[in-house]
Amino acid sequence: MLRRCYRLAWLALAAAVAILGVGTGAVLLRSWTLLFLGVTAGCLAMATAAARTDPDSARPDRGTALLTLLFCAALVGVAGLVMLVEWVAFAVVGALAAAAYPLFGLRAMSTSRLCERWRTGLDTLRAAQTPLAAAAVVRERQKCLDELERRDPIGFARWLETPGADPATILRPRQGTR
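Start counting the sequence shown at 79; every next residue gets the next number (the working numbering).
Simulated restraints, written as ranges between beta carbons of each label pair:
(1) Cys83 with Val166: 21 to 29 Å
(2) Thr247 with Thr126: 47 to 55 Å
(3) Ser190 with Leu147: 46 to 54 Å
(4) Leu147 with Ala94: 17 to 25 Å
(5) Val160 with Gly242: 51 to 59 Å
(6) Cys121 with Pro231: 45 to 53 Å
(7) Glu218 with Ala128: 44 to 52 Å
(8) Ala235 with Met124: 52 to 60 Å
(9) Arg82 with Phe168: 24 to 32 Å
(10) Val160 with Asp201: 44 to 52 Å
(11) Ser190 with Thr126: 37 to 45 Å
(12) Arg191 with Thr240: 17 to 25 Å
(13) Arg204 with Ala169: 34 to 42 Å
Hints in this document: simulated from the structure, not taken from any laboratory. All of these numbers come straight from a predicted model, not from anything done at the bench. Beta carbons are placed, not taken as given, at the ideal position from N, Cα and C, and that holds for glycine.
Can you make the complete structure from the sequences, with help from the hints?
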C-alpha cells in the first residue's frame, strides 16, 4: 500500500514537472528553437517508427504521429526546464535518482548488507517503544530472512543449524556483489 502511494506521488510529481517544463519551454524558447526541436522530434519519431514497422507494409504505423508529439513535448519540456532552473537541473535529477532508491527494495542489496540490516534490526527491535513499532521491525527482519533464503537456500539452512553463527560468514554472496 505504501509503495503504491509512493509511486503515485512520484508519478504526480513527474507529471507536474513535465507540464511545467513544456509550458516554460513553449513560453521562453524562441520560435526558431521550437521549430528546430519540432523537426528534431519528428526525425527521431520517424526513425523509431520505421524501426518498429514491417518493411513490407505499405501503410505507415498509426503511432507515428503520437510518437512525434511525445518526442516534441519531451524535447521542449527538457529544454524549458533547463532554461528555468539552469545548473540546478542536475542537482534535481541527482536528488530524484537518490530518492528513488527505496523502489529497488531488498533485492538490490548485497548479501553482506542484507545480513548487516538483519543484525541491526535486533537492536532496533529492542529499542522499539510501541508494539506497533516492534511489529514493523519484525516484518522488516522477516523480509530480510526471506530474501536471504531465496538467494541461498542451502546456506540459509546451514546457517539455521549453526547456533550463534553470523549469517554473513555462511551465506554465499550473490553473484556480482560482495
